[in-house]
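When the letters of the sequence shown are read in order and numbered with UniProt numbering, they come out as residues 1 to 458.
It is possible that part of the hints are untrue.
[Claimed, not checked] Here are the simulated DSS-like cross-link-like pairs (lysine-lysine), alpha carbons at most 25 Å apart as the crow flies:
#  : residue 1 : residue 2
1  : Lys-290   : Lys-251
2  : Lys-351   : Lys-201
3  : Lys-458   : Lys-385
4  : Lys-390   : Lys-351
5  : Lys-52    : Lys-90
6  : Lys-201   : Lys-390
7  : Lys-290   : Lys-385
8  : Lys-90    : Lys-443
9  : Lys-390   : Lys-443
10 : Lys-290   : Lys-390
Honestly, the hints are just simulated from the structure, not real lab data.
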Amino acid sequence: MIATPTSAPLRAAGDRSLFGRMARLSTAALVALATVAGALVAGAGPAAAQLKITVTPGAAFQPMPIAVPEFAGDPTLGAQVAQIVAADLKASGYFTVLDPASYLERSVGAGVTPNFNNWRGINAQALVAGTVAQTGGQIQAQVRVWDVFGGTQLVGSQFGTSPDAVRRLAHIVADAAYAQLTGFKGFFDSRIVYVDETGPKTNRVKRLAIMDWDGAGVRYLTRGQELVLTPRFSPSNQQVAYMAYGAGDPKVFILNVATGARQLLGDFANMTFSPRFSPDGGRLVFSMQKDGNANIFQMDLSGRGVTQLTSGASIDTSPSFSPDGSQIVFESDRGGVQQLYVMDRGGGGAKRISFGAGRYATPVWSPDPDNPFIAFTKQDGSGFKIGVMKPDGSGERILADGFHNEGPTWAPNGRYVMFFREGGGESQLWLADVTGHVLTPIKTPGGASDPAWSPLLK
C-alpha cells in the first residue's frame with residue numbers, strides 16, 4: 001500500500017464526503033481499502049492552491065487542458081478507468097482533455113513522480129494518473145492528480161472495488177479531480193431517473209428508467225403499461241416518487257429502486273400529481289386537483305398524516321423545498337398567469353418572486369445552500385427557456401433557449417441543471433451549468449424526458 005498525502009478533504013465534511021462514501025460502500029459492492037489525507041507533499045502547498053479554474057457568468061472562459069493517460073497495472077482496466085474519468089471531466093465543460101495521441105507516455109503509474117517536461121510540452125496543466133490491478137477478486141486503484149507546471153501532487157488516494165463496480169470507482173476518481181481543480185463539490189457519482197419514450201408520438205410508451213449521470217447503464221423500472229410522469233428522487237434513500245396514469249385518475253406512487261416494490265401515496269379520491277420529497281426524505285409535497293382547482297398538500301411519510309398548505313380558486317402546483325426545508329417554491333396562476341411563489345413550509349405567507357415577461361413553471365430549488373438558486377421553465381413568446389434566479393427573484397439568468405425546453409433538475413453540487421428538449425418529434429436530455437458556459441446533450445437509448453437527479457451515492 002502506498003500512503004500518499006492529499007491537500008485537503010475532497011468534499012465538505014459529512015456523510016457525503018468522498019472519504020465517508022468510500023468507507024461505507026461495502027453494501028454497494030464498493031469497499032475502500034485505504035484513503036490517506038493530510039498535508040501536501042513538502043513545499044507543494046502554495047503551488048497547489050493556485051491551480052484552480054475560475055468560472056464566472058458572462059466572463060470569458062477557457063477550459064483547463066488536462067491529460068488523463070491510461071492507468072498503469074492491468075492494461076484493460078487501466079484503459080477503462082481512464083476513459084471514464086476523461087469523459088466525466090470533459091462533459092463537465094470545465095476541462096479540455098488532450099488527445100492521447102499527443103501523449104509522450106501512454107500510461108503513468110501511481111508509484112512514480114511523472115516526468116513533468118513530457119506533459120508541459122503539450123500544455124497539460126493537470127495530470128490525472130494512477131495504477132489499477134485485480135487481486136484476489138478485488139480491483140485496487142491508486143490515484144494521483146498532479147499540478148504539471150507546479151510539479152506538485154494535489155490528490156493522492158487508494159480505493160478498492162468489486163469487479164462489477166468499476167464505473168462507480170471511475171466516477172469517484174473523477175469527482176476527486178474535479179473537486180480539487182474547481183473548488184466545487186463533485187457530482188459524477190450519481191444517477192438520473194427519467195421517463196424513457198418509445199413508439200410513435202400518437203401512441204407513446206413511457207417507462208421509468210434509471211442510469212448513471214452520463215447515460216450509461218440504463219435500467220428500466222416500469223414496463224410501460226401505464227403513463228408515467230415527473231419522477232423525483234428522495235434525497236435520503238433509494239426511493240422515487242412519480243405520477244402514474246392508468247385506468248383511473250393519475251396517482252402518486254413511491255418506488256423502491258433497489259427492490260422494485262411500490263406503494264400508493266394515500267387513497268385519495270382526486271387526482272394527485274407533482275410530488276417532491278423534503279430534504280430529509282421524511283415528507284412529500286404534492287398537488288391535488290378538485291373542482292377545477294389544484295392545491296398543495298404535504299404528507300408525513302412515517303405517520304401518513306396529510307396537511308393542506310394552499311387553498312383558493314387557483315392552480316398551485318410543482319412545489320419544491322429549499323435545502324434547509326424551511327420554505328417551498330411553487331407555481332401558481334392566482335395572479336392570472338403562471339408565476340413563481342415562495343411560502344413557509346407550513347403554508348401561508350406566499351410571496352411572488354417572478355416578474356419577467358411570460359409564464360414561469362416547474363421551479364426546483366438547488367440542493368446546495370451555498371448556491372441559492374431556483375431553476376425554472378419560462379415560456380416567453382413561442383419558446384420555452386430554462387433559467388435560474390435567486391430565491392428573492394433577483395439575478396434571473398437564462399441557461400437554454402429553444403422551441404421546447406422543460407423540466408429542470410439540479411446536480412447534487414448545485415452547479416449544473418439537466419432538462420429535456422423536444423425537437424423533431426423526439427425528446428432528449430441536456431446539461432447546462434449555472435454560468436451559461438456549458439450546454440451539451442446527454443445520450444440515451446431512446447427519447448427521454450422528465451429527468452430527476454439523485455443525490456451523491458452512498
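Each hint, compared with the structure:
1. Lys-290 x Lys-251: holds, 14 Å
2. Lys-351 x Lys-201: violated, 39 Å
3. Lys-458 x Lys-385: Violated - the C-alpha atoms of Lys-385 and Lys-458 are around 33 Å apart, more than 25 Å.
4. Lys-390 x Lys-351: OK: Lys-390 and Lys-351 at ~14 Å, within 25 Å.
5. Lys-52 x Lys-90: holds, 16 Å
6. Lys-201 x Lys-390: violated, 37 Å
7. Lys-290 x Lys-385: Roughly 30 Å separates the two Cα atoms, so the pair is violated.
8. Lys-90 x Lys-443: holds, 15 Å
9. Lys-390 x Lys-443: This hinted pair is violated, its Cα atoms lying about 30 Å apart.
10. Lys-290 x Lys-390: Distance ~32 Å between Lys-290 and Lys-390 Cα, so the pair is violated.
Of the numbered hints given earlier, the model fails hints 2, 3, 6, 7, 9 and 10; all others are met.
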